[in-house]
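One line per chain: the protein sequences are A and B, in this order.
Each position in the first sequence, counted from 1, maps to that position plus 2 in our numbering.
At position 158 of the second sequence (counting the first as 1) the number is 157 in our numbering, and the numbers step up by one without a gap.
Be a bit skeptical, because a hint or two may be false.
As the list claims (entries may be wrong) - In silico BS3-like pairs for lysine-lysine, Cα to Cα no more than 30 Å straight-line:
hint	chain 1	residue 1	chain 2	residue 2
1	B	LYS56	A	LYS619
2	A	LYS619	A	LYS534
3	A	LYS534	B	LYS63
4	B	LYS63	A	LYS587
Unchecked claim - Residues of chain B placed beyond 10 Å of chain A at every Cβ, according to the derived structure:
hint	residue
5	THR43
6	ALA53
7	VAL62
8	ALA70
9	GLY89
10	LYS93
Said to hold, decoys possible - Which stretches of chain A does chain B cover? Using the computed rule of at least three CB atoms under 8 Å from a CB of chain B, they are:
hint	stretch
11	382-391
12	475-481
Keep in mind the hints are simulated off the structure, nothing from the lab.
Note that CB positions come from ideal geometry on N, CA and C, so glycine has one too.
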Amino acid sequence: MIRARSAAWWVAPPLLCLILYWPGLTAWFRADDFAWLGAGLYNRNAHDLLISIFGPRAQGTIRPLSERIFFMLGFRVFGLDALPFRIAVFVTHFANLALAASIGRRLTGSAAAGLCAAVLWLANSSNTLPLGWTSVYNQVLCGFFLLLAFHFLLRYAETGQRSYYWWQWAAFLAGFGAHELNLVYPAIAAAYTLLSKPRFFRATLPLFAVSGVYVAVHEAAAPGPKTGGYAMHFTGSMLRTLGNYWTWSVGPTFLYSPLVLPKWVLPAGVGLVSAGLLCFVAWKLSRGWRLASFFLAWHVILLAPVLPLRDHQTEYYVFLPALGLAWMGGWALAEAWRAGAGARFASIALAAVYAAMALPAALATSRWSHDISIRVRHLVEGVQAAHALHPRQAILLDGVDSELFWNGVLDRPFRLFGLDEVYLAPGSERRIESHPDLGDIAGYILPSGVVASGLARDEIAVYDVRGPRLRNITSIYAAIPRDNRPPLRVDAASLLAQYLLGPEWYPSDGDHRWMPRRATLRIGAPGAPGHKLYLSGDCPDEQLREGPLDVTVSVDGSTLTAASIHPGENAFHLAFPLPDQVAGKAEMQVAIEVSRVIRPASDPRDLGLVFGVIEVK
Amino acid sequence: MTHIYRVRRGAAARLVLPVLTALLLLVPAACKRKKVKVATDEETPRMMSVLNVADPKADPQLVKGFHGVEASAWRWTEKQFTVALRPPFGSAQKGGRLSLKLTVPQPTIDRLKSISLSAAVDGSSLPPETYTTPGDYMYVRDVPANLLGGDSVRVDFQLDKAMPPSGADIRELGIIVFSIGLESK
Chain A
3 MIRARSAAWW VAPPLLCLIL YWPGLTAWFR ADDFAWLGAG LYNRNAHDLL
53 ISIFGPRAQG TIRPLSERIF FMLGFRVFGL DALPFRIAVF VTHFANLALA
103 ASIGRRLTGS AAAGLCAAVL WLANSSNTLP LGWTSVYNQV LCGFFLLLAF
153 HFLLRYAETG QRSYYWWQWA AFLAGFGAHE LNLVYPAIAA AYTLLSKPRF
203 FRATLPLFAV SGVYVAVHEA AAPGPKTGGY AMHFTGSMLR TLGNYWTWSV
253 GPTFLYSPLV LPKWVLPAGV GLVSAGLLCF VAWKLSRGWR LASFFLAWHV
303 ILLAPVLPLR DHQTEYYVFL PALGLAWMGG WALAEAWRAG AGARFASIAL
353 AAVYAAMALP AALATSRWSH DISIRVRHLV EGVQAAHALH PRQAILLDGV
403 DSELFWNGVL DRPFRLFGLD EVYLAPGSER RIESHPDLGD IAGYILPSGV
453 VASGLARDEI AVYDVRGPRL RNITSIYAAI PRDNRPPLRV DAASLLAQYL
503 LGPEWYPSDG DHRWMPRRAT LRIGAPGAPG HKLYLSGDCP DEQLREGPLD
553 VTVSVDGSTL TAASIHPGEN AFHLAFPLPD QVAGKAEMQV AIEVSRVIRP
603 ASDPRDLGLV FGVIEVK
Chain B
0 MTHIYRVRRG AAARLVLPVL TALLLLVPAA CKRKKVKVAT DEETPRMMSV
50 LNVADPKADP QLVKGFHGVE ASAWRWTEKQ FTVALRPPFG SAQKGGRLSL
100 KLTVPQPTID RLKSISLSAA VDGSSLPPET YTTPGDYMYV RDVPANLLGG
150 DSVRVDFQLD KAMPPSGADI RELGIIVFSI GLESK
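Model the full structure from these sequences, guided by the hints.
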């Protein structure tokens with residue numbers, strides 16, 4: 003009987019996890035997942051591999067274990083089969099739940115409190131993305147290392163065995179491979195020892211030194227952004243942010259509910275649960291249980307690094323901090339159960355209020371996240387099938403909406419099976435909500451003139467993506483009369499734009515194309531005066547070794563003001579004001595010339611610049 | 000103050016149980032998961048002469064200016080909207096008739112008082128029609144045979160005014176359209 007209870011104690015949280023978040027287990031990839039899956043796609047040597055694993059990416063983050071190695075190795079072994087990735091996420095979280103229950107039991111002395119804590123944590127809707135979107139595995143794995151390190155600290159404090167201390171160190175150091183949030187672990191260890199085991203406090207101090215070094219090295223390698231959503235604001239806004247995250251920890255994230263409720267219901271529920279928790283802490287503190295404040299400390303310490311992110315508040319930022327309040331709630335439930343009918347009723351009522359707020363949001367967002375990923379799967383696998391049928395043609399997608407673009411196109415999943423030439427139909431920008439901070443939709447859209455030209459040469463297959471199955475509509479699409487003037491934007495690397503380029507250009511190298519000393523192209527002319535011609539591309543270091551490189555542009559025979567690319571400006575963006583007389587013309591003849599060329603030993607060609615995009619704006 | 004919970008087995012051993020259970024629970028998911036059908040629909044569709052704008056097959060011919068399908072039957076338009084239609088058999092000799100089934104809703108008349116609709120077939124204008132009361136209408140115009148010679152024609156519709164985006168609806172709203180078609184005379 004005892005064995006059965008013990009087994010049930012361990013198994014109940016994982017079972018509940020599966021029941022609540024099953025859509026997460028069966029989800030596919032989406033959005034950032036594709037960037038990580040393709041992180042090692044172009045590696046040619048060990049140096050490239052090291053950069054892929056340790057180079058700062060996405061807001062300067064360096065998460066080799068939870069993002070780089072996890073995705074690169076997973077993709078190499080399983081390809082685009084998402085299930086092994088999802089199983090890894092869930093198994094890691096099962097370990098987290100076991101650790102959370104075990105730590106809760108050790109801290110409170112109550113097995114029931116530990117179990118309740120794990121269940122309350124699972125009910126929080128901040129679990130949805132960590133368990134439903136593979137890119138957020140970093141949170142799950144970071145939680146694992148934090149909890150494991152803390153577990154070993156507790157064992158060290160209980161037994162005095164030095165080996166636990168060193169196991170704690172190992173888990174702590176490994177945690178830096180999962181997420182930078184790991185750096186707060188020393189504060190957690192210090193808070194615990196100060197409040198409960200002062201004798202061990204000094205043993206936590208070396209941990210701070212490691213976190214300090216990590217911060218210094220990370221800041222040197224990838225300084226935090228000073229502007230935009232990820233800029234840090236050390237102002238009073240941090241308190242407001244903390245307030246938001248508190249409400250998301252004791253109620254549903256974003257205070258969202260799929261149920262139609264009067265406006266006062268959720269704030270009232272959040273107030274009730276908060277009052278219950280704080281009363282319990284006050285009562286425990288009044289009776290000398292200083293450890294009660296550790297649970298609040300856990301919540302605040304794990305939130306501290308994201309509190310300055312005033313303009314980027316995300317639901318999964320409370321995923322790990324919420325465990326502190328879950329421990330407190332579990333403890334309160336266990337204590338109230340033994341304290342008599344009144345306390346028992348009150349605690350159960352509060353837990354029910356919490357569950358009624360959090361669970362509908364968790365279930366609805368879990369399903370929502372799953373359904374998006376399945377739409378993305380239909381798109382990506384449909385394009386793969388279309389490419390197999392039409393290997394020599396570019397694929398043009400018609401009917402892509404906001405959800406599909408930001409989750410299934412932006413990170414170019416098609417390159418994972420070697421397909422670069424996938425575009426959106428002209429006019430798609432009208433169906434897609436703009437998010438300039440995430441990406442530029444224009445770079446994905448094939449201009450109308452290029453489409454007309456490509457269709458005439460049978461270089462494009464057009465698919466309607468509105469349904470669950472991609473539908474080949476090339477014949478209809480080709481029959482629709484469309485504007486076939488040269489576009490205002492020419493992607494020089496694209497094979498479809500080749501008809502606009504003069505004979506001087508070298509063949510496309512996939513995502514770029516070299517020009518010799520001089521090259522010409524046709525491009526659309528602006529409708530009104532005051533526009534500029536923008537050139538963007540790359541200029542290799544070899545080309546800039548002898549100093550600035552002069553770039554001369556002429557339009558319809560008139561030479562524009564010259565510009566130069568200076569050493570260090572490898573990714574160049576040049577702007578040339580256009581003469582007013584070109585406005586209203588159907589097209590312009592553009593000639594680009596550089597002041598010198600290079601001829602590397604490995605390439606006998608005269609190389610000028612790498613393009614890039616030429617655009618009239 | 001901390002309780003020391005005494006246990007007989009080590010932490011690693013106790014982690015094994017939930018992890019093994021988890022693996023056992025996940026095996027069925029791995030075995031039973033459904034294969035997603037990824038084949039594409041390669042059946043060559045024909046351009047249509049008559050479009051029910053709610054029909055997903057009509058989507059590629061709704062070139063611009065249409066909002067999403069509502070009530071599985073109709074769409075709001077913007078101030079300008081465009082379709083591509085296949086000239087029906089014989090229309091290149093006898094000429095054709097363009098028809099558009101529409102509704103002018105009460106809020107449009109309340110706000111705009113009247114609304115005029117005109118059309119152009121491959122750039123050649125057809126006479127406008129003005130609606131001053133809400134209701135269901137059919138905009139019908141003859142199209143000369145010389146405009147219907149190709150595989151498809153572009154029909155541009157234009158309203159003289161539309162309801163601009165507002166707090167209640169962020170879309171520009173013109174009229175409600177059910178179908179647009181070309182038939183031979």
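Failing hints, ascending?
-> 1, 5, 7
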